[in-house]
Amino acid sequence: MIDYEHNLGINNVEPEKIQGDVPVVTIQLKGEPYQRVVQGERGNEEIDCNITASSLVKDTDYRNQVQTRVAEVEHLLSPLFSEAGFYTIDSKIKHGQELTFSESFSLVTFVCSALNRPLNEAVSGRIQAIGPEETQILQATALLSAMSAKEAYVGLTPEEIAGMVAATIHLDTFVRVTSSEPIVAFGGMGGDKGYPLNGENSKLFSLSTLAAVALSVDSPTHKHHSYPNTSKVAGQSAIEAYGARSDFHSQQSLQEVLAKSNLVMTSCHDTRSLHTLSHRLRGETINHVIGPLSFTLSPETPVHAMIGVNEKIHPERITEALAILNESGFQRYETGVAYCGTDLTEMSPEQAEDTDENDIKLKEHTRLDEVAPPPYVTLAAFYRSGESQGTYILRPGDFYSEEELAAMNIESLEIPNQVEDILAANTDALTGRDYTKTHYLAMTVGLGLFVRHALELPDALNTETRTVNPNYLRAYTQRALGILTSGEAAQRLQQYVEITNQHAGSHNK
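Using the working numbering, read the sequence shown as starting at 1 and increasing by one per residue.
Calculated directly from the structure, the hints in this document are not laboratory data. A hint or two may mislead.
Claimed, not checked - For lysine-lysine, the following DSSO-like pairs were computed, each having C-alpha atoms within a straight-line distance of at most 27 Å:
id	residue 1	residue 2
1	92	260
2	30	92
3	150	94
4	363	193
5	260	58
6	312	150
7	312	94
8	312	361
9	30	58
10	363	94
11	193	361
12	150	363
Just need the whole structure built from these sequences, with the hints factored in.
Laid out in structure tokens, this is it:
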């Protein structure tokens, strides 16, 4: 076993040993936040994402399941099994060629087989020209980095995105929650630029995490998240700052949390291996595209997707990828939206199109993987009826009246990029304590309600003007405000904290 251990220098916890088990994941992340001690219902409890992952693998019989899963997708693995393996894919990328769905699927399978021991056991004997473990780790890193460079300089195709996501959820995910009811699912690419504040870029608060809490008052909701990698606060650290737990050791624990709270948030560090590499590198790889779409939800669960994208990818490519994933049966999508916030106060439908001509300007003016705060516009691509519906422009007036917008103090949204400031803003927004922050949060919640309840209506979108029906969006934003200002969202958060503490931990195997 390669020693990839790194100590971040903060309260390093010696991992518990599971009798007779070889670690499931090759790269063992060490130190906080991956290993830490919390005050649980049974006193001090050690949390170790490596051990949680091993528990989930045992609980779901993943070691045996992955053999079957590989057999189900063998036709997609011919670049690995019948061609030159790593060298087939690497050569196409280096020659500037687009990858097919199968090649993208094979790329992530190769990467994950270097990180995920059960998957490695299932496929390594059939991968052509495979090298020793050390070589495969380096080759995996090279492939992820090459795709990241392709994303930045050339762009990813919907087929490439869908292929990488399909391999992640089908082969590398240890547990997938099931729901017979439609579920709203949040994912975000991160990497926000923020907005200028006194010469520096300020960050906003944890919008998608808080929006997921609020939306769960209305509909079953899921969010897949992680600890911070290149930012100060990420979704997992934000929800755990309130005392919630993410270390679920069994499928039943996850199902119980969803059933009792209408909300379940899962950690990429516990449920798959792919993200260990980018967190070990302490930098971005292509994982920031794969992660937001790789929900830990079963293929048959009806999903209404909320995907935040940053400047590196046009929202419409995400909704086109959703259509491919839905058609191929890897994830059932009912409706969805991919969106990003800009620093533009107006935009024409032509400027919003996914073209090479627009690409440079859109990259320059995209600031967030969130809904933009007033007075700025949001770029949103919608998906329904199995197809991408193209890109639309969301303006502040689509959410609120002029009077409501005038009452908002936009300067209060300029939050210094410090942990304490972001967490304090989270509480102010969720509890209704700060008028502007709460109204801004309600815009994301309102969009989620619109996607869940109105998007499939024939008059929800105006395809000529590339705008949404403001009557629907305003109505659902008012519903969102009611959830926040009534205290229902804050109560749901407290409920989620209590329920996750009941069902998390190694004693709930």
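Indices of hints not satisfied (ascending)
Violated hints (numbers, rising): 1 and 2; every other hint is consistent with the structure.
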